[in-house]
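Asks: Sequence:
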Amino acid sequence: MSEYIIRLSKNLVISRRHKNVRQGVLVLLSNLLIGAAALFALNITLIFLGVGDVFLPLTSEFQHLLARLAF
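Going by numbering that gives the first Met the number 0, 53 is the number at position 54 of the sequence shown; the sequence numbering is gapless.
Keep in mind that the hints are not guaranteed to be accurate.
Computed beta-carbon distance windows for the label pairs [stated by the list, open to error]: (1) G49 x V20: 43 to 49 Å; (2) A37 x F70: 22 to 28 Å; (3) L57 x V26: 41 to 47 Å; (4) E2 x V50: 21 to 27 Å.
Quick caveat, the hints were computed from the structure, so don't treat them as lab data.
Glycine is no exception: its CB is placed at the ideal position from the N, C-alpha and C atoms.
Take the sequences, apply the hints, and build the full model.
Replies: Structure representation (structure tokens):
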């Protein structure tokens with residue numbers, strides 16, 4: 000599947016000289032899609048199990064972890 004995506008990326012506007020940039024963008028997009036699929040599967044599983052609301056407390060440690068991951 001990754002070979003197909005890389006072959007498909009050759010049709011992008013980015014020039015062939017920036018091949019590593021193009022592959023990096025594709026890896027980033029594919030990882031985001033995999034993460035979104037995992038969250039969607041978890042959401043569907045919780046719906047089928049009948050779990051109403053899931054409460055995630057945002058403690059200061061968790062907020063700092065998110066800030067370190069984002070920045």
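Asks: Which of the numbered hints above does this structure break?
Replies: 3 and 4
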